Amino acid sequence: METKPLTAPSANAAAVRAGPLTNDAGSTMGPRVGASVVLLGTIITTLGISWDVQWHKMVGPDTFFTLPHLLLYSGSAIAGIASLVMVLMATSAQRAGHPMPRTVGGPPIRLLGGTFTAPFGYLMAGVGAALFLLYGLADLWWHSIYGFDAVLNSPSHIALFLSISITMLGSVAIFAAARDQRWGQLGIVLAIPILITFAPITTNAFANLSLPIDPTIVGIIFFSSLLLIMGAGILRRPGGAIAIAAALGILQAFLWWFSPWAAVTYAAAVGLPLRDGLAPQPPDLPSAIPMFLLVAAVVEALFWMIRTRGLNARKVMPLVGGVTGLIVADTLPLQQVLTDPTASFSAATVAVIGVAGILFGLLAGFLAARFITMLRALAPDPKEV
Amino acid sequence: MNTRIRPPRTRQYHRLAVAALVTAALSLAGAAPAMASAPVKVVHTERVQVGPYGVTVGFSVWPIRAMRSLDFTFLPDGGIVGKSGKLLLNGPGIKPDERVTPLVRHPRKLDSWGLDVKALNAPGAYSFGFAIDGPFGHGDGTLQGVTVLNQPGPPLGSSWTVGSLPFLGLVVVLVVAWRRIRPGRQPLAI
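Residue numbers (the working numbering), protein chains in the order written: chain A, 1 to 385; chain B, 1001 to 1190.
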């Protein structure tokens, strides 16, 4: 694989100015459709995983061909095929002598000695989808040895979740490259909440270890802080964090209603009863999404301070992350207790979660500052330099 | 001289893109979901006396191996109607929140209590205790010494290594991009 160098925004600004920037509606139709279909795939995957988790909790019986599984698989398939189509279009455009601008998925990566030209974001989303297919086969092998256990923390399941996360990250990269256009900004506002919802599932890999804190809680704190700050930083406009938090809230509310409804309706349709002795708990996946409009307001305030006081954003970002992580960590147990009558947290656990919130928040802030720069470098916007 | 007119390469890629879309649409349309879960097939049983109630404990896999999920059925003589109780699990792979749970119907064998596709994650000796209330009053009893053998398949470390490859690949991509862009040295405006 041969790659064209990813370089800093300033170094590429002139080249981008000289390139065929295509801002008219007609010429952005293809990129908009491609990015939207990848996003649609990740949304379908998110619906599928939430429904599947709820199905196993409330009903149980499993086969390969269930509707939630179909959503899971087709979500990755749709995102993967859309990525493949965009790679083929980019290759076609390159060969015709009209290479796509970097705003379409990021810098072109030359594959197989230049046979294919793949915009970085689509390459990432497509590789994630291809890995999903590959690890789907590995998962079948795993189940043939260990049975059809409905656990999240098997190696093959974690690999599948990682693959899906890579596709979702590709989706974020695609929209980050088009952030100078309205549809690109809207895409960020939608793609970041999808990743905030999904990424913590991968931390189930550590569920079998004896740790002082539930790794999923750490995952929720870390990924939500990192992605919220990163998304707001990419958008680079007042209200960005609030918009992301609002989109996350809408997704959470929808999944809260949809997941149990779909499980119950599907069970009735196929003639299966609900499990006996179900506890009056909220749906698993949406109840683990932090309700963080308050957090977003704090991020907005901190960003406003950085802008108005001319602070060095890169140096202050870890602090922003630490504050964000602490608030997420402090409000998460409260959210759990308020929404789940069976949940309880000791003072010691809340204290440990708070400390984890600060530490992982600092790391999230540090990384968010770097990732913002890296994602902006995918397609430097002349207006930003 | 070859007089065949070859289509431009760009048209080939467009055709490939259309073919990919059509294949995707057909494959999704053809994947009609079904919901025919397999019935529970008991291959081994044990008996345990729980006070006045005789209980047959059924296993869908025997012998049991660590991490290998299977179905357990708990069927009191005369059926489960009019009876209720608790299951008390003990053994090296049982987590604290799994030790005491209500006896509930097996979702794929509704005339029996049970556990569906449950794996015991560590080898060793396990016990299945029962506390049952029914028409003959309360009864307690335990099936002791259910042996769980070592896990099947390759060592868990190698499975986790293969499973973490996507993460390692992602880290490699991030490190390469980080080294090229040097984000820590770039000005950041938000």
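Bear in mind the hints are in silico, worked out from the structure with no lab data behind them.
Treat the hints with care, since some could be wrong.
Unchecked claim - Some chain B residues well away from chain A (every beta-carbon gap over 12 angstroms; in silico):
hint, residue
1, 1042
2, 1049
3, 1089
4, 1138
5, 1144
Stated by the list, open to error - According to the in silico footprint, chain B covers these stretches of chain A (three or more CB under 8 angstroms from chain B):
hint, region
6, 179-191
7, 281-293
As the structure is a prediction and not an experimental result, all values here were calculated from the model.
Built from N, CA and C at the ideal position, the CB exists for glycine as well.
Here is what the structure says about each hint:
no., hint, result
1, 1042, "holds, 15 angstroms"
2, 1049, "holds, 24 angstroms"
3, 1089, "holds, 15 angstroms"
4, 1138, "holds, 19 angstroms"
5, 1144, "holds, 24 angstroms"
6, 179-191, "violated (count 0)"
7, 281-293, "violated (count 0)"
Comparing the model with each earlier hint shows violations of hints 6 and 7; every other hint is respected.
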